[in-house]
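Line by line, the protein sequences are chains A and B. Numbering-wise (the working numbering), the first sequence opens with residue -7 and increments by one. Numbering-wise (the working numbering), the second sequence opens with residue -7 and increments by one.
Warning: the hint list may mix true and false statements.
Said to hold, decoys possible - Straight-line Cα separation of at most 30 Å, DSS-like style, residue types lysine-lysine; simulated pairs:
#	chain 1	residue 1	chain 2	residue 2
1	A	Lys248	B	Lys354
2	B	Lys381	A	Lys354
3	B	Lys354	A	Lys224
In case anyone wonders, no lab produced these hints; they're calculated from the structure. This structure is a prediction, so every number in the text was calculated from the model and none was measured.
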Amino acid sequence: MILILAVMWIFFRLQVGDFYFSGESIAKLSRDMVSWTILAAGMTLVIISGNIDLSVGSLLSVVAASAALMMNPEYGPGWSANVAVPIALSIGTALGLLQGTLVAYFRIPSFIVTLGGLFIFRGITQKISEFDPRVPAGNWVVSLGFDYVPHETAYLVIAAFVLLLAVVLIISRRNRLQMNLPSWNIPALTGILFVAAAVLALLVMKMNEYKGIPNQTVVMVIVLIVLHVISKQTTFGRHLYAIGGNTEAARISGIKVERKVVAVFALMGFLAGVAGIVWMAQNQGSTKNGGQYYELYAIAAAIIGGTSLMGGRGTIFGTFLGGLVMATVIQGMDYTNLENWLQLVVRGSVLVLAVGLDIMAKNPPLWARRLQHKVWKQSPPTPSTAEKH
Amino acid sequence: MAEIVQFDRVSKRFGGTIALNGVSFSIREGEVHAVIGENGAGKSTLMKILAGVLQKDSGKIFVGGSETVFRLAGDAQREGISTVYQEPHLVPHMTVAENVFLGREPIKKLGWIDFNTLNARTQEILAQLELAISPTTTLADLSSADIQLVQIARAIAFSTKILILDEPTASITGRETEILFSLLKKLNAKGLTIVYVSHRLKEIFELCHRATVLRDGKYVATVDVEKTNEREIISMMVGREVEETLAVPNEKRNTAVSLELRDISVSESAIPVRNVSLKVRKGEIVALAGLVGSGRSDVAKAVFGLNRISAGSIHVHGERVNIKSPGDAIRRGISFVPEDRKSEGLIPIQSIKHNISLTGLKLLARLGFINGSSETNLARTSSAQLSIKSSSEEAEVSTLSGGNQQKVVLAKWLWLKPTILILDEPTRGIDVGAKSEIHSLITNLAKNDVAVLLISSELPEVLRLADRIYVMRDGTITGELQRSEASQESIMHLAALGKQETGGI
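The whole structure should be built from the sequences, with the hints applied where relevant.
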């Protein structure tokens, strides 16, 4: 996956030129992926539990539109962000809760419930966004979309992040070694920390050359870390994996399956709300078609990142990488001089090719294995050697 | 007789587990050759390598005298090796004929399937095997035994020289087994070489000429079936002499009643349960016997809160309780080992550790955050106590043998220290060694005052373990037997006819 990202980055660097690795392009890449990567992180948990949520793009736009309307003095009451944002987030959560209830207690397949939601919420958005309400400038929500972390703070944040990573890795290493479980050796551990610190410092330096780290990127990173912890360390996360892995076994083990399903859809609704607020801030208001296709970007990012559509498997970190792949493909073409229609065609092809190669390397289909045996007549090559080709 | 298959130091490992370690033996043309061993001995792995589904790591396989390397299942089929698996590999919603020719359908011009030829040729094959199955029946309408026979028809329809059967009798009854055996004997008489994988010793003595025993991935011996006996084979499989543990009859008649059902009915279950009353005392092993489909599991599921009772009452330690969910049951000290470990007992794609801890994650967590060290400790202690064989507690459960998987199911319920334990077919489809381990485990639990309700279709198991036996038929209890009055005949009478065999009525 990382290999594929590298290849794509080199490809676009060659196509686009110096600008591609500039602070501005990095900052924009990290900014543009925020809203649907937040959706993708929530989607990962939904898919792990054995469900799917097709409504998130529309849900995002409902929240964005209602928040914008509440804050707009011309068409709405003109409330402050402190009032409007919590209400808008509650709307997102409530709609997620409602969909989850239909899935869990009424046994309607999540595909259908949320496909219905996709249309219904889009319809509601079109009504609320009738006049394309703008958000008045000069409050903290707008700064979320337009401002950047001050340069010095950015370094501090990165330092703190690396320190935190070091502490977490060292503690987990100590715990695992105490239990006689395999873990990182010291050189590998320091290596990882060193590389992480170097990469992050380089990124910050680059972005500081431009304007700095976008605020919304920070929001995304926080959401990703929180969801990672939920999925790996909490009973709730473990229950979701269990339900997706085998619902009956989970039920017999005493897990309240229905409640957890409602909860994961409510969480998804809340996250769609967060993504919606970020999106609104970025666009300084709402439009009728905001967040269109984002459900597909989110699902794609999760699947590319190794989440199994069958449920029970997937990680937030994988989804983050999947999000990067999607962002690179979506954004990269904008910088080329190709005509618009051709951009779409190339964008689609790059996506299928990149993901296809990744999947084929991990689990080559029959015909590819046959071909390998024809080419290398000796002993059957293992999948790891296949990866290199 | 010429040797048709020869294994020469075949080895295979999965990750850290050695599945096969330098196995060498040969199969003669025209014989019925049994491959036996406990679950996890490597017999299925060896058969999958012969069938081309898995690749060996080292060693050689000779088929008909020349070295062969099968990379795909199709390669083996072209060499005349067909396999019938334990679980049917067929499409339930297609007809018998469509299944027999699946993937090799005769076609007319334009690619249309030639259904006339398809059905006629299937009819020929079925007639040749003297099977009274219509080619146009939908497979889902057949019994599991007939489906097994269709699999064999499919396997031998295409110039097969060697037929591999992997535990073909696991899901069929005694009468059906006889039909299967007479078919196999007929095919063998016509010159077909049969490799028969099983751990049912009786079948091997009835059907096979020679038997090869594997243990822990190693070759133990090949014996002439005529010159050996069950005892010898068992000790080769287990590596030691197994005593038939006869549980000490424990007279726990006067201890407190742990679980009591008073006249319960369950209308929402698969098989409606009517007016069932039973008692299980502290430290007592009570069996719920009966044929499959008599409603035994439905009673258990009602006690565990998976089905709601429509009438009657459930009492736990003398207190009337209203159990609405498995969570309620667990809080009351009840554990339930379900019948089907793959679909109800385990999450196959997760590790041993995560499977064991699942039933009581809250006990291992503070404020919703799981304590990883306690979880690992738990998995280690449980694995050691139940001697679960695996490379580590982080191994995925689906990679374990059936016996070890069943031990994981037991582990996930026993660490909760239940006072009432319901076991639904705890030893189904597992090998002799694991079975005897689980039997002594159950006896020990009862000695430590756990009330055990044991559901089992295996009468020897019921007779060996149970202090008292209730027999069910058609969703209701048809009789209660003390250990002293119970025999296979008396239980079967109640299970099949619903009355005591008392001479007159």
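Name the hints, by number, that the structure is in violation of. Result: no hint breaks.
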